[in-house]
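Student: Could you put the whole structure together from the sequences, leaning on the hints where they help?
Order-wise, the sequence lines are chains A and B. Numbered by the working numbering, the letters in the first sequence go through residues 92 to 434 in order. Numbered by the working numbering, the letters in the second sequence go through residues 66 to 330 in order.
Note that these hints are calculated values from the structure, not bench results. Glycine is no exception: its CB is placed at the ideal position from the N, C-alpha and C atoms. Be aware that one or more of the hints could be misleading.
[Said to hold, decoys possible] Cβ-Cβ distance ranges computed for the label pairs, FRET-style:
# : chain 1 : residue 1 : chain 2 : residue 2 : range
1 : B       : 69        : A       : 244       : 56 to 62 Å
2 : A       : 256       : B       : 144       : 40 to 46 Å
3 : B       : 201       : A       : 203       : 35 to 41 Å
4 : A       : 244       : B       : 182       : 33 to 39 Å
[Unchecked claim] Here are some, though not all, of the chain B residues that point toward chain A, as calculated from beta-carbon distances under 8 Å:
#  : residue
5  : 66
6  : 69
7  : 73
8  : 74
9  : 170
10 : 172
11 : 173
12 : 176
13 : 177
14 : 327
15 : 328
16 : 330
[To be verified] Just a sample of chain A residues kept apart from chain B, beta carbon distances all over 12 Å, derived:
#  : residue
17 : 156
18 : 244
19 : 287
20 : 288
21 : 379
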Amino acid sequence: MVADGMLGNGHVVGGQLGNRQLGDGQLGNRQLGDGSEPAIAFESATKHYGRQVGIDGLTLTVAVGEIVGLLGPNGAGKTTALRMLLGLLHPTSGRALIEGEDVTTAGPRLRACVGYLPGTLELYGNLTGRRLLDYFARLRRQDCGAQARILADRLDLDLSRHVHDLSRGNKQKLGVVQAFMHQPRILVLDEPTSGLDPLVQREFEELLREHRAAGGSVLLSSHVLSEVEHLADRVAILEGGCLLALQTVDALRSRALRSLELDFPQPIDAKAFTDIPGVMSATANANILTCEVIGEETELIRRSVELGVRSIRSHEPTLEEAFLALVNGGDPNAAHHREQVLA
Amino acid sequence: MLLTIANRSWRDHWKAILAWGLGLIGIAAVQLSVYPSVRDTATSMDQFINQFPEPLKVMFRISDYTSGPGYLSVELFSLMVPLIFIAVGASWGASATAAEEENGTADLLFTLPISRASVLTARMVATVAVLIVLALALTATLAIGVQLLDMQVATERLLAASLTSALLGLLFSGVGFIIGAVTGKKGAALGVSIGIALTAYLLFSLAPLVSGLEDALPLNPFQWSVGSNAISEGWNPGYLLRLALVALALYAGSILALQRRDITS
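Tutor: Written as structure tokens, this is what we have:
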């Protein structure tokens, strides 16, 4: 279950990781092989706002045809990274690259192949959806009308209404349409599903899959793991401006501390389970055994079955728990602190 | 593409443009309508003005009040009209990019495949056009009034005076552009522009009375515009060139400043 090799070694501690190119080596080689540049690359990208750190030594690539999710609590540096990629922010040091070109030195035409959805979306309120999209299309010097109509239909968005009359969800839909309408090769999306109802979210995810299937790349941010877990090929976790981990969703999950509740027909002794690899803690309360597990559960399940287990309930790890596992190696005392930070 | 952005600015602000235009026309019309009674009482009016304390006459540059050009100069082109052009220019300059940064639309505008310089240039084109249109509207109004009231002022002089005033507005739009580009704050840009304008006006007004200030007059933009007394003396190419060059330099500076800056979110 653990995808070995994605991460060089077990737990990674914040701060050091910025310079370590996790999984990057593999990707780089593959790209050298077929001679193409990664769609997106950050090379030790650093942004300081005075004394505050936006991002610190971020190194990350998004391959052509890949969806990478940028996860982290508020203030982790996700938006800073994405805005730097679009050239809105100049890096303090390091570089951000699109298709191999430095975004600060390349001309504005570099952004022609990028669709961007800002985290705090503000649109011209006095325009109708159609006029707004037409304005952007003209500035892109690209005829996007047909594509915009298709997207609006799929997202069930009325383009004849004024932006200031739109609900938050509908405004977000308009934001999605303007990001996709020129059929960009690269999508940079900051919390794209915020405000979208579940039905529209599903359609949006479908759009992303189609985009990937057509060879497009995506870098999207979120603070909810569940939002990106079934979409992203890889997940990058940011905290305090540093890259904590870059791995597949499965690998991330398996690294997190999960809580298992096992129900036996007879009172059970927790000691029978504490020696199993991966079991961090086990407490018994009459027939119920509660275990905290990292990694594979095979041995735990095998032994429970021997003891006649009736049911197993598993709590899927949340992003917070994934963080915990990464930062503290599952130290439960740190959990409360972490939750407070995340709250 | 420049025109697409400029066109958007005009459409977004057509009500304000119309209001300023009507304001200018209205003020001109009111002042023109009073002129016949001034002329009819020219002799007593001249006596009355002669009783004004000398500093006041010097400060407001009142001479020859009852003649057509003299009247228009005092009532319109020495303060009211320049102030309106400054207000228009400074507000267009201040909101050129800072307004979009403040309301958050800059995040999308500046991630389109167009340079920040192009966006600024388009907004400058829009500002210049608005000032020219307002100057032409004023010229037209005055030309009609002058004709009707037989004020003996050539239309070309009216045009010269209007455009010379508009150029002062252009200069202060440049101040708005550059402060807006440096700070990203519309309020700051507008405040600084108006503040500088009022200070410059004060220095210009007091210059004839205070010897030290007189030496600084050649550096004062009000001297280049109001001081050229275009309605009586016509175009002053030297002064016009100074106004235009300073405006251009401020525009160029604002482009440099915005390119170096992070866009506020």
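Student: Compare the structure with each hint and give your call.
Tutor: Hints versus structure:
no.: 1; hint: 69/B / 244/A: 56 to 62 Å; in the structure: 26 Å, violated
no.: 2; hint: 256/A / 144/B: 40 to 46 Å; in the structure: 43 Å, holds
no.: 3; hint: 201/B / 203/A: 35 to 41 Å; in the structure: 39 Å, holds
no.: 4; hint: 244/A / 182/B: 33 to 39 Å; in the structure: 37 Å, holds
no.: 5; hint: 66; in the structure: 6 Å, holds
no.: 6; hint: 69; in the structure: 5 Å, holds
no.: 7; hint: 73; in the structure: 6 Å, holds
no.: 8; hint: 74; in the structure: 11 Å, violated
no.: 9; hint: 170; in the structure: 5 Å, holds
no.: 10; hint: 172; in the structure: 4 Å, holds
no.: 11; hint: 173; in the structure: 6 Å, holds
no.: 12; hint: 176; in the structure: 4 Å, holds
no.: 13; hint: 177; in the structure: 5 Å, holds
no.: 14; hint: 327; in the structure: 5 Å, holds
no.: 15; hint: 328; in the structure: 4 Å, holds
no.: 16; hint: 330; in the structure: 7 Å, holds
no.: 17; hint: 156; in the structure: 22 Å, holds
no.: 18; hint: 244; in the structure: 22 Å, holds
no.: 19; hint: 287; in the structure: 18 Å, holds
no.: 20; hint: 288; in the structure: 23 Å, holds
no.: 21; hint: 379; in the structure: 49 Å, holds
Figure legend: structure checked against the earlier numbered hints; hints not met, in rising order: 1 and 8.
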